[in-house]
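Visitor: Read off the chains here:
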Amino acid sequence: MSAQSPQLHPVEATATTEQISEDARRAAEEARVGWERFEQLIAEDKRVEPRDWMPNNYRKTLVRQVSQHAHSEIIGMQPEGNWITRAPSLKRKAVLMAKVQDEAGHGLYLYSAAETLGTPRDELYEQLYTGKAKYSSIFNYPARTWADIGAIGWLVDGAAITNQVPLCRASYGPYGRAMVRICKEESFHQRQGWEILYTLSHGTQAQKQMAQDAVDRFYGPALQMFGPPDDESPNSKQSMAWNIKRFSNDDLRQRFVDMIVPQAEALGLTLPDPELKWNDERGHYDYGDLDWDEFFSVVKGNGPLNHQRLAHYRAARDEGAWVREAAAAYAAKQQQAAHDAALLTA
Amino acid sequence: MTETAQQTEQIPAGGVIAADPAERSLWPLWEVFVRSSRGLSHVHAGSLHAPDASMALRNARDLYTRRNEGTSIWVVPAAEIAASDPDSKGGYFESAQGKAYRHATYYTQSEGVPHL
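These protein sequence lines map, in sequence, to chains Y and Z. The numbering used here applies: residue -3 is where the first sequence begins, and numbers increase by one. The numbering used here applies: residue 23 is where the second sequence begins, and numbers increase by one.
In case anyone wonders, no lab produced these hints; they're calculated from the structure. As the structure is a computational prediction, the values presented were derived from the model and not from experiment. For every residue, glycine included, the Cβ atom is placed at its ideal position computed from N, Cα and C. Since no wrong hints were added, every one of them can be taken at face value.
A few chain Y residues facing chain Z, derived, Cβ under 7 Å: (1) D118; (2) A323; (3) A324.
FRET-style restraints, in silico, Cβ to Cβ: (4) Z:A104 / Y:K329: 24 to 32 Å; (5) Y:A323 / Z:T127: 48 to 56 Å; (6) Z:G113 / Y:D19: 16 to 24 Å.
Isolated chain Z, as found in the complex:
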């Protein structure tokens, strides 16, 4: 090993700036959801670029499940996701507020009564 050990790095020289950066293809963005084990939901893991669904799946496998993190993957074109507007936060989710009676903790009379 000592023979080769002192070798310095050999990297191919060269590389020029391409004339037109726009010529490089732009792959669409996909959102990746991974099911970590049977019985659990798919959970958003991140995103990646890929030309089509099958490549997106393969890339998602290599990118997000290198250590057995998943038993199933979904990929969804990011452009196809409809999302609520974060700015309308107050109004949009308001109907759940002030309705503590939807939670079990609202009902206190049964405290101390077993199995209730």
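So that you can see chain Y by itself, here it is in the shape it has in the complex:
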């Protein structure tokens, strides 16, 4: 249920028993039994819960994936947070604030889930703070115009939902539960984004052009949110074997493309891909190659805003430190006062 629950320290199942003490022998036996139970849970497509024995690599993979996901939600507040003061109406402002608050919430649900795997919250924050952890590359692109807020909602959140719906069935219980909660809330994000674009594309010619430009900018990066092509995604196979990931990167990308083509038509906007066309034989839309050199360059830190995003996160964390410290000091003081009062009346 929580990270405070005593965590088992999984030993590799391959540990040999010869040279070692009773303790080690027992640990090896525990690991053997644990491993069998784990394998069985996965084979039966059941859920693994925090205090279950799990292989080290399963734990590591999940901590990495879930915390990266959490970091993405937290950094993802920035491009939109920037537009709260410039949203074109009070209604749009209220909507945007609700959305940004949701992103914060999603980050916190996911940090909670990651924490159940035994990595303390502060350590997770630290990994983002020091730049050791990654987050989704999409947030290293700027939101240049109000239309970009629409494109982010429609395409970025849309891609996120496509990716996240199957994660609701991820084999690790707390991750799946967090995803259920997140998916319920995300659909509002996507619709409000689509509606921003719809309003713009039915406005003046300049507004329609702004909407088209935003879609042109975000189409490629949104498609890349599913990760590299299957043959260049070495970890996918293991994640799928563990029932963390249910569909391959390319399958999810295809599903997304198939969904957004009619949605773009309904907007009266075009998707910036000359090779995009229906393939009757496959029953899917074909789409052109994506710029993977750019993708890997952004992942490596050379995107338009990598530095700025992290700097802003650090500044916010540093500037809020005194609030967290004051709250902790106040809580300690109150606790002491309650303790003293109890002694006096005893």
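Keeping the supplied structure of chain Y fixed, place chain Z upon it in accordance with the hints.
Guide: Just chain Z now, kept in the frame of chain Y:
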């Protein structure tokens, strides 16, 4: 709107890595239980960090009930929860196994008899 539309993002620059990460306060973990409506039990919703119970409640409200999900919230320090050991699963819950007679479906003679 077109005037401001082309503005690029303005984010304060700066931010340095704090010298000692341990200086950042660590708030304890709380488990959150939400009652979705009157007549139902509180159900575990998730967890959060907060310095004390009243902050934990406020944060739980903001985090887990942004869309009318609750009419009441409990927060419990995670460290105070006693839990059964998942590894003793077999033995610990064994006494319920093989006792099908505790369920109504065990009794079949009354099939077809109304209201039974």
